[in-house]
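Quick mapping for you: the protein sequence lines, in order, are chains A and B. Counting from 152, one number per residue, gives the positions in the first sequence under my numbering. Counting from 865, one number per residue, gives the positions in the second sequence under my numbering.
In short, the hints are calculated from the structure, not lab data. Wrong hints could be hidden among the right ones.
Said to hold, decoys possible - Part of the chain B face toward chain A, derived, beta carbon under 7 angstroms:
{"hint": "1", "residue": "F923"}
{"hint": "2", "residue": "Y927"}
{"hint": "3", "residue": "N929"}
{"hint": "4", "residue": "Y963"}
{"hint": "5", "residue": "A973"}
{"hint": "6", "residue": "I975"}
Heads up, the beta-carbon is just placed ideally off N, CA and C, and yes, glycines get one too.
So the chains spell out like this:
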Amino acid sequence: MIIKEIKIKNFRSYYGENHLSLSKGLTLIIGDNGDGKTTLFEALEWLFDTTGVNTQTSHISEKRKSELEIGECDEVSVSITFEHDGEKEIEKSFTFEKSFDETVYTRDFMFKGYFIEGAGRNVISGDRLLNMCFEPVIRKYCLFKGENELNVFDNDTALKTLVDTFSGIRQFDELVEMTSNFEQKSANAANRELQNDKKVSNQAKELNTQLNDALNDIKNIKQELEQKRISISEFSLKLELLEKNQETSERYQAIKERIKGLTDKRAKLAGQATCEYSTNLLDKQWILRSFPSIIQEFSKKVSALSKEKRRLDKQETERRAKEAGERETISKIQKLANDAVPLPWNLPDESTMKEMIDDEICKVCGRPAPKGSEAYEFMCNKLNEYLAHITAEANKKSGAAEEDKPLFQNTFINELHSRQIKLSGETEQEISNIATQISDELDFVSKRKSELAEVDKQLQELKTEQNDLLMQSGLSAELLDKSISDLRGFFDAKSRAESRVSVLETTLKFKENAKNEIQEQLSKLEPTSSMTQVYQRVHAAFEKITKAFSNAKEQNINNFLQMLEAEANKYLQKLNKNDFYGIIRIRKTINNSARIELYSDNGSRIENPNGALKTTMYMSVLFAISQITTLKREQDYPLIFDAPTSSFGGFKEDTFYNVIDTIDKQCIIVTKDLLNIDKATGQKTLDYDTINKLSCSVYRIEKVEPFNDKDLSTIQTVVKQIR
Amino acid sequence: MAAEKLYDLWATRNPQWEKRYEDSIIKNFCDYGRGATSLREDRGKIFGGGYEIFIIAFFIGLYFNERRPLIDDTQKRKILGQPIQYWGNLDSVKGRKAYPKLREYIFIALIARTDIDFIALEKGEITTRKAVDMLMQTMEEYANWGFHFMEDKLTDDPNYFFRETAFLEIFLAFDASPVESIEDDEPESLD
Chain A
152 MIIKEIKIKN FRSYYGENHL SLSKGLTLII GDNGDGKTTL FEALEWLFDT
202 TGVNTQTSHI SEKRKSELEI GECDEVSVSI TFEHDGEKEI EKSFTFEKSF
252 DETVYTRDFM FKGYFIEGAG RNVISGDRLL NMCFEPVIRK YCLFKGENEL
302 NVFDNDTALK TLVDTFSGIR QFDELVEMTS NFEQKSANAA NRELQNDKKV
352 SNQAKELNTQ LNDALNDIKN IKQELEQKRI SISEFSLKLE LLEKNQETSE
402 RYQAIKERIK GLTDKRAKLA GQATCEYSTN LLDKQWILRS FPSIIQEFSK
452 KVSALSKEKR RLDKQETERR AKEAGERETI SKIQKLANDA VPLPWNLPDE
502 STMKEMIDDE ICKVCGRPAP KGSEAYEFMC NKLNEYLAHI TAEANKKSGA
552 AEEDKPLFQN TFINELHSRQ IKLSGETEQE ISNIATQISD ELDFVSKRKS
602 ELAEVDKQLQ ELKTEQNDLL MQSGLSAELL DKSISDLRGF FDAKSRAESR
652 VSVLETTLKF KENAKNEIQE QLSKLEPTSS MTQVYQRVHA AFEKITKAFS
702 NAKEQNINNF LQMLEAEANK YLQKLNKNDF YGIIRIRKTI NNSARIELYS
752 DNGSRIENPN GALKTTMYMS VLFAISQITT LKREQDYPLI FDAPTSSFGG
802 FKEDTFYNVI DTIDKQCIIV TKDLLNIDKA TGQKTLDYDT INKLSCSVYR
852 IEKVEPFNDK DLSTIQTVVK QIR
Chain B
865 MAAEKLYDLW ATRNPQWEKR YEDSIIKNFC DYGRGATSLR EDRGKIFGGG
915 YEIFIIAFFI GLYFNERRPL IDDTQKRKIL GQPIQYWGNL DSVKGRKAYP
965 KLREYIFIAL IARTDIDFIA LEKGEITTRK AVDMLMQTME EYANWGFHFM
1015 EDKLTDDPNY FFRETAFLEI FLAFDASPVE SIEDDEPESL D
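Just need the whole structure built from these sequences, with the hints factored in.
Right, here's the structure in full:
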């Protein structure tokens, strides 16, 4: 199976249709973090998944989804065209549609395969075609995500799967099973004959019961022994690792402590580095930052109004006082000479007064009052007073209310004035402090933000250091997390298992001896029937055959591992040109799994190969497996890696790609290597110096700019063929 | 009977705004008119009740000292969910703080900037209703200008206000230099 083309449509960040044509050898797909490298890898994983219908809405391009009108639909699809006994294609797709309530639902899942013959295409189900051309067990050794997945022997069943698939040992399994079945049957038959033999029947029955008991005991002891041995081997391995890596362990713990400290600090800073910029305008009244000038306008206006109101009030009071004063003066003038109380104003009446003035006589006392005399003036004044009173009475009747009514009915200006008074002092001070408050808070947040960025940087560095340490030491984080007290636990468990093993071994020896004795006694029985003797001989023969097949199977596994080892070492040498590389040994473990180890020429094991050496070691084994697969299946298969070289340095990268470029094998590597990033500007450029030395296809994938870093629907990956 | 206060009369009112800002601004930035069952993608609104963006719009108009009369057709106007007296009573909203005093500052600004003949009002020559109408008109016209301002920004860049400091920056651009304390031309006599 050689992949010729990959098409991806609307799969996550791969918006619209995207094509990649692959070469028969190496294809490099270069992109930075977040540019869609892993998405490309996962698109293929999705295509190769034969476990059933999978139409996760998270696979849909957010950008495409956000553009859809209500009722509109589009599809997500991933397909490959490949060469495998002729040209073929596999396509997986589903349709998505935006409904009236704006939710997006999926339908029409399709997984189809095609045989392409000339212009025609014959359809077949996708999983059938995939299992035909790229069976699950082969897929398992073809797709690798990240550097840590490269060790194919990381799980216990890996060796068995591999051996079963590629070594032809399966046939041995059947033979071993068949012969041991025959052996069992012949033993039973021989026994039956013995027990039926008149002469030895009773003895044989007795011995058989003993033998069965002994065999049962032996079986149980062996089971327990095997378990204990596996435990011991695991504990030893861990202890050995921990002891040899005490320094690593201490460094790891120190890094862990620092990461913890920084993480706590980060959480605290993250809490402080936020600010509700918009709602603070209201909640903290930041919106009043420029308000003092408006308060001033208000105060000026209200002061002026208040002053004006008081002025008008005063004027009115004065006017009223004046009027009242005039009336008082008139009364004063009429005061009598001897301070006697004058007659009421209405006596005498108006006509009487006028008559007396005309006649120039006071008809009250009968004395003359010629014009110009004091008496005449008195009478004139008296008449005027009378008339004034009448007018006043009339006025009183018509407009008495107006005279009493206050000038101002409302007190709104007073309301505003008291508001003005309330504003002054502390309140006004508070408002004018808002500007300072805002700038203080913004300053505080920005300082926390830059501290946060610094902590993030340190954390990133520490995590890289931690990962490098793990890669270099070959130890798992889980193991290094164990403290010294756990170490003691390992010791105790191991020594308990060891003492149990020694007890079991002694018992086993004893039981084996007993069993042998019984068997010998059984064989020494001399049956009367010659047929019984034949049965016994047949059984003896089958016993030998069974043993032979068992041994042959073991030998075969060893041969397979040797072949794998030899192939792997060839690749290791190529991948580490001009560098130290050592020798790969693939060792079978007690629980029938395998371990890949590196040895120096002088036979000593290299405990902690550096990250790059370790990666090339695992990759060499992968290439070897692939080589064997090709031999067995008479087909080539691609190897697809997502970021396999993160622990490589620049120089090693160059060599690595140069070598991979010349290996005759389809290899698709998605990576961020060969991308130079200018630390100052963040500008990313391809490393053309290295790329130009390669002969492979090269693609660049990257996010379309500009994008909103908080909005997934603005993210789109574009694929550009560089070469 | 205690005299009615101008502030209280004003606070029972509910200002009008132009309907055309309903989708582009009010619903865009506030929870205004949103049913709890709405299935729209939750983008996280910047503000709570619709009146919050109205306050923002009002202060923008106020500080720019720009007014814009509302459209004549009253069919094309709307009012908010709550009268002024309830604005800012946010204590039950998680993460928010009540700001009842802001109402009083809005009132102060309206008094300062509305041309009411207070002496005539005080004498009863014009009605209090008329005076409150005038205050509301000032308020609505400032806010209307503020909405217009925001719409302008959105036309240039639909994501303009989704930068977290966008609203704050508008207010940081206004002058906030300290004002001279008020000095009367002549001291008032104490009589």
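- Task: Could you work out which earlier hints the structure fails to respect and list their numbers in ascending sequence?
- Result: Per hint list: single violation, 3.
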